[in-house]
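Colleague: Kindly generate the complete structure, drawing on both the sequences and the hints.
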Amino acid sequence: MLQQIIALIIILFFIFRLLDQKNKKEINRNEFSLWFIFWLIAAGAIIFIKQIDWLLQFFGFSLSGINFLIYLAVLALFYLVFRLRLSLAKLDRNLTEVARQVALNNKK
Amino acid sequence: MKIACVIPAWNEEKNITKVVTGVAPYVQEIIVVDDASCDRTSDLARAAGASVLRHPINRGQGAALQTGNDYALQNGADIIVHFDADDQFAANEIRDMIAPLLADQADIVFGSRFLGKKSNFPFIKKYIIMPLAWIFTRWFLGIKLSDPQNGFRALNRRAVETIKINNREMAHNSEIQTKAYQAKLRIAEVPITVVYHDFGQKLSGGFKIAKDLLIHKIIK
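These protein sequence lines map, in sequence, to chains W and G. Numbering-wise, the working numbering puts 78 at position 78 of the first sequence, and it's gapless, one number per residue. Numbering-wise, the working numbering puts 209 at position 209 of the second sequence, and it's gapless, one number per residue.
You can take every hint at face value.
Below are the DSS-like pairs computed for lysine-lysine, each with C-alpha atoms no more than 27 Å apart in a straight line:
no., chain 1, residue 1, chain 2, residue 2
1, G, K14, W, K107
2, G, K164, W, K107
3, W, K108, G, K2
4, W, K108, G, K164
Note that these hints are calculated values from the structure, not bench results. No experiment lies behind these values; they were computed from the predicted model shown.
Modeller: Take a look at the structure:
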């Protein structure tokens with residue numbers, strides 16, 4: 001119970017930070033919605049952790065709900081790193097194109 | 001028939017004058033792409049008679065080659081030779097490299113260190129790195145050339161227009177070979193000599209090339 005309360009306080013902190021960033025217009029509406037939904041789902045998973053335990057047992061998994069959430073979080077992180085890597089590669093390619101155009105225009 | 005030579009260069013003030021003057025008798029225009037050198041590469045290349053383009057930031061050899069290709073196409077080149085700035089290639093072999101293009105027997109000609117002429121290979125490069133590179137390009141990329149990593153090549157206009165180099169660093173070698181096969185260009189290989197002044201590409205560089213090729217296969 002105590003761990004759940006601590007986890008919910010941390011999530012609440014991140015939601016307040018998110019609202020603050022939205023008010024300061026540091027993030028756009030889509031990004032705000034994405035992260036807001038993410039933190040709501042995280043809070044829901046913590047509140048209903050017993051139900052997740054039950055659901056996992058129902059489907060025959062031996063792991064507990066909290067372990068399942070951790071595996072899920074690691075998977076999500078791997079995916080985000082992969083996406084980040086691809087977007088960096090695209091940025092890198094665009095940067096090369098800009099450097100090329102500068103070189104060609106300076107030669108004219 | 002206008003022949004241009006593209007020489008990507010980064011901090012090559014020691015060699016660039018010798019390379020440009022060596023190449024000059026065999027081509028109509030020399031295009032040195034200075035990849036943001038910190039030394040006098042640009043000035044020396046210009047003084048030696050080359051057209052110099054300069055990247056504002058360092059982008060790698062593949063990027064510099066594509067910049068040179070774009071410039072050569074804009075300036076009406078019919079044949080484009082890729083040549084290294086580190087004085088490892090023999091300029092008089094440009095004649096052999098462009099001969100199949102002039103005779104319209106090929107669209108792209110790759111230099112090869114394994115077709116008879118002797119190069120002073122470092123031992124590890126010859127017996128470990130090159131066989132690994134050869135296996136990788138043959139098995140994973142389907143390239144059946146005798147030399148998987150050689151920067152000395154000559155292309156006609158059609159080949160340069162067809163092959164857009166996306167790999168900005170050393171993976172451009174394999175990329176060019178792969179795209180030449182995919183576009184069904186007429187490919188020829190010509191024996192060349194390489195004089196090694198230093199070790200050049202290491203095994204770690206080989207792994208980086210494989211990684212870059214993989215990433216560029218994923219992003220479009």
